[in-house]
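Chains as they are written, first to last, in my numbering: chain D, 1 to 321; chain Z, 1 to 428; chain W, 1 to 182.
Any given hint could turn out to be false.
[Said to hold, decoys possible] Below, computed lysine-lysine pairings styled on DSBU-like, alpha-carbon distance capped at 30 Å: (1) D:Lys39 / W:Lys80; (2) Z:Lys368 / Z:Lys351; (3) W:Lys29 / D:Lys38; (4) D:Lys46 / W:Lys80.
Everything labelled a hint here was simulated from the structure, so no lab data went into it.
All figures in this text were calculated on a predicted structure; none of them were measured in a lab.
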Amino acid sequence: MAERLHDLLAIEDLTKEQIAFLLDEAKPFQEFQRHPLKKLATLRGKTVALAFFEASTRTRISFGTAASRLGADTMNLQAESSSLKKGESLLDTVRTLDAMRPDCIVMRHSSSGSADFVARHLDIPVINAGDGTHEHPTQGLLDALTIRDRRGDIQNLNVTIIGDILHSRVARSNIHLLSRFGCRFTLCGPPMWLPREFECLGTGVRRCARVEEALEGADVIIVLRVQQERLHEPALPLDEYIMLYQLTPQRLKIARPGALVLHPGPMIRGLEIDPAVADGPQSCVLEQVTNGLAVRMAVLFVTLATGSEADEAKGSAHAAH
Amino acid sequence: MLHIKNGRVLDPASGTDANRDIWMDAGRISRVSPPENSAGAPTSSNGETLDAAGLVIAPGFIDLHCHLREPGGESSETIETGTRAAARGGFTAVCPMPNTRPVNDNASVTRAILERSASVASTHVWPIGAASIGSRGEGLSEIGAMQKAGIVAVSDDGKPIATAKLLRQVMDYCHALDLPVIDHCEDASLFAGAVMREGKQSVRLGLRGMPSATESIAVGRDIQVAELTGCRFHVAHLSSRDSLDLVRAAKKQGLSVSCEVTPHHFTLCDEDVIYDSRFKMNPPLASAQDREALIAGLADGTVDAIATDHAPHEAALKEVEFDRAPFGVTGFETALGLALELVHAGRLSLKRMVELFTTGPARVLGRKRAIAVGEPADLTIFSTAHPWTFHANQSASKSTNTPFEGRSFRGAPMVTVVGGRIVYRRDV
Amino acid sequence: MRVVEKNQLMSATEIDRTLQRLAHEIVEKSGGTANLALIGIRRRGVPLAQRIARSMNAIEHLEVPVGTLDITLYRDDLSKIAAQPVLHSSEISFPVDDKDVLLVDDVLYTGRTARAAMNGLFDLGRPSRVRMLVLIDRGHRELPIEASFVGRSIQTSAREIVEVRLHEIDSEDRVMLVERVE
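Given these sequences and hints, build the entire structure.
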């Protein structure tokens with residue numbers, strides 16, 4: 001039995017069993033998305049606080065929908081209206097939310113380690129929806145689920161990631177997750193954003209300068225978006241980026257036939273990915289979104305559907321028929 | 001009058017390492033003699049006798065680099081609390097950096113600091129004056145006037161001295177005044193928003209890193225300007241092997257270049273960094289290889305002094321996300337314990353360790369530090385064996401931002417004597 | 001929690017005979033089996049539903065569709081258990097609308113499982129009728145639920161547990177009465 005999950009802060013902290021458990025728990029929720037009536041009472045009475053200190057529409061809506069389909073209520077904090085702008089510290093903001101007694105906090109913030117920081121100060125579970133450039137655990141899980149559904153398995157695949165790797169929490173979460181299952185990684189992107197130390201993240205991780213070489217033998221290609229808001233440094237001219245790294249239909253042919261194309265979104269068609277590839281049969285982007293909902297429902301379910309050891313002692317010791 | 005008997009005196013200046021009895025009077029050392037010659041020595045009815053059996057007596061330790069935060073930052077530390085912590089750490093003299101509010105860039109701030117120290121400080125306070133006005137890197141500050149008021153060196157610490165051109169002006173000026181220039185060596189463009197050392201750990205944690213060259217490029221620049229001007233130059237908180245190699249080469253060339261290393265840099269490395277701002281300081285914890293090189297440099301004399309860079313920040317400032325926390329960790333009370341770890345591990349001799357706390361820093365300031373008749377009655381009396389555990393909330397400092405919370409040590413400062421008065425005595 | 005076996009309630013043969021009898025009863029009391037569907041409640045309701053469907057096929061040459069329903073998401077007592085709940089998929093390959101559904105489970109006790117099963121069923125569509133079949137009815141209802149088809153009714157105490165073992169899941173076919181001891 002997988003070890004009980006309290007917070008979900010980083011894939012790096014999870015065991016292989018916990019990862020497999022979460023992927024399996026997501027399957028019924030995938031099927032659930034096809035029900036005519038998408039409303040459960042499983043988490044009725046529970047409140048999920050959505051604390052998004054970094055602008056995000058898709059992930060916030062995904063978590064919010066996941067919570068309400070499970071019957072839970074949500075509390076919404078968004079960056080634009082955030083009191084952080086008025087100078088309140090992260091800790092104070094989160095403690096204020098906590099005083100309203102949510103059952104868990106789903107958090108996205110621009111500082112790496114911010115979810116860990118908040119989890120150290122709160123008793124309730126913290127679910128990391130993206131902390132700076134560190135990790136985005138539910139993205140890693142939904143990518144793995146998407147690959148598993150299409151390929152049947154996530155073992156021993158060749159995965160190529162293209163883009164600004166240094167600043168990508170998606171890349172880190174994917175590497176930590178899939179290398180647990182024997183996948184080998186080829187990382188490719190602008191050299192100043194591809195430090196050598198990434199090869200230390202796993203035994204099967206290597207860097208590659210040219211995208212053509214990086215795509216050889218790939219079973220899965222993860223295309224990262226060009227993060228203009230994260231660039232402290234002089235930006236790379238976009239035409240350079242397109243010429244060197246864009247995933248075009250011709251470049252896609254270099255990979256193994258039927259290689260999967262994943263993108264964490266939002267995509268900029270014509271920049272990091274050619275529209276024909278984005279809309280083509282190998283693209284999994286829409287499944288990623290659906291699976292994101294299923295994964296997030298599974299994470300919320302696993303985190304909130306259970307009581308404590310104390311509650312167990314009070315209630316029945318076996319399921320009542 | 002104070003009489004200390006049965007202690008083992010370790011005085012690098014004279015090469016003494018033997019049992020000696022010491023008498024002090026009117027703030028000076030009045031007699032030093034072997035115990036067998038002590039019969040018939042003067043005793044006074046109002047004097048105190050201290051039995052230092054089993055303890056080492058060194059000349060009073062000097063901390064070349066610290067931040068006392070007063071004036072302007074009193075919520076984090078004051079001259080009173082900071083020097084009390086320093087005395088608990090065995091220090092008898094501390095050199096506070098000028099990045100107070102207002103910056104110590106003119107004689108009246110210097111005088112205010114010294115007046116305050118005279119009334120509340122547990123140790124000597126030898127202030128370091130700012131190189132440029134407000135440490136803004138534009139115009140020269142009133143270095144001459146500050147020297148008359150009592151500064152012992154010049155620095156813009158907190159920041160690097162902004163340009164080579166300004167550095168040259170400062171060094172030309174200070175050379176004439178015979179003041180050493182201390183620089184926080186850092187290339188601003190390579191530093192750019194970094195919060196730790198670039199490497200495997202920064203990649204894992206997703207934190208912005210700076211390469212080792214951030215420091216060594218500036219060290220190289222500064223050494224060349226020092227050579228050009230003939231000024232005495234001291235590298236603050238040196239943290240990397242590359243910087244150390246440059247200092248070694250400069251010394252070989254006969255240049256007046258010196259450097260200091262902090263205890264956290266010779267104890268921890270970047271792999272120890274976690275999402276806890278008690279591990280965030282500037283320069284950041286370096287690689288394990290750098291740490292090895294620093295320890296070798298401490299032993300072989302390339303490093304002149306151990307300096308704490310005690311940088312207190314109140315809890316409210318440090319209890320934030322790693323990115324946003326200010327840089328700095330405290331260090332007065334753990335310095336000796338950490339240095340003794342190197343001695344116990346056989347990396348450093350006890351004598352060499354004492355030099356790094358006494359004659360080394362004294363030489364940087366152009367002074368003597370010795371246990372001899374007529375010398376100031378400043379002594380650091382410590383144990384190399386006493387076991388204790390450091391807890392930040394028991395420290396005299398107002399701040400608790402230290403990476404060494406809960407660390408156990410073998411050896412501690414036991415009694416600190418400043419100007420012939422006992423300013424600290426450990427409760428055992 | 002330790003359990004101690006008290007006595008056997010049904011042997012393998014008795015189980016088999018009972019299921020055959022129930023299969024006949026269903027055909028008799030359904031007024032036509034055109035829209036009949038069996039839905040087994042995970043876990044042990046599933047092999048029971050499959051066995052009954054096979055019996056009905058053998059007796060009456062009827063093809064009755066069988067689905068499986070996982071009720072974990074519909075339980076009302078999740079917040080009382082400390083262990084992480086393991087979800088399984090429900091598999092109902094036929095539309096539920098207008099079906100004459102027979103929910104199948106091994107034991108009927110408080111009735112909460114049946115209620116959760118109905119919640120789950122109604123999320124999928126609108127059956128024309130829902131009835132319930134259980135192998136053992138052990139009383140102590142906490143909700144107004146009744147089973148239309150019952151293998152055996154027995155009296156039990158709250159300390160006792162009815163353990164239905166089926167060879168598809170356990171290593172044997174047997175119904176045991178066990179007791180909890182501290």
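Consistency of the hints with the structure:
Taking the CA atoms of lysine 39 (chain D) and lysine 80 (chain W), the gap is about 22 Å. The hint holds against a cut of 30 Å. For the given pair, lysine 368 (chain Z) sits about 16 Å from lysine 351 (chain Z) by alpha-carbon distance, which is consistent with the 30 Å threshold. A distance of roughly 34 Å separates the Cα atoms of lysine 29 (chain W) and lysine 38 (chain D); the hinted pair therefore is violated under the 30 Å criterion. Proposed proximity of lysine 46 (chain D) and lysine 80 (chain W) is supported: the alpha carbons are some 14 Å apart, at most 30 Å.
When the structure is compared with the earlier hints, a violation turns up for hint 3 alone.
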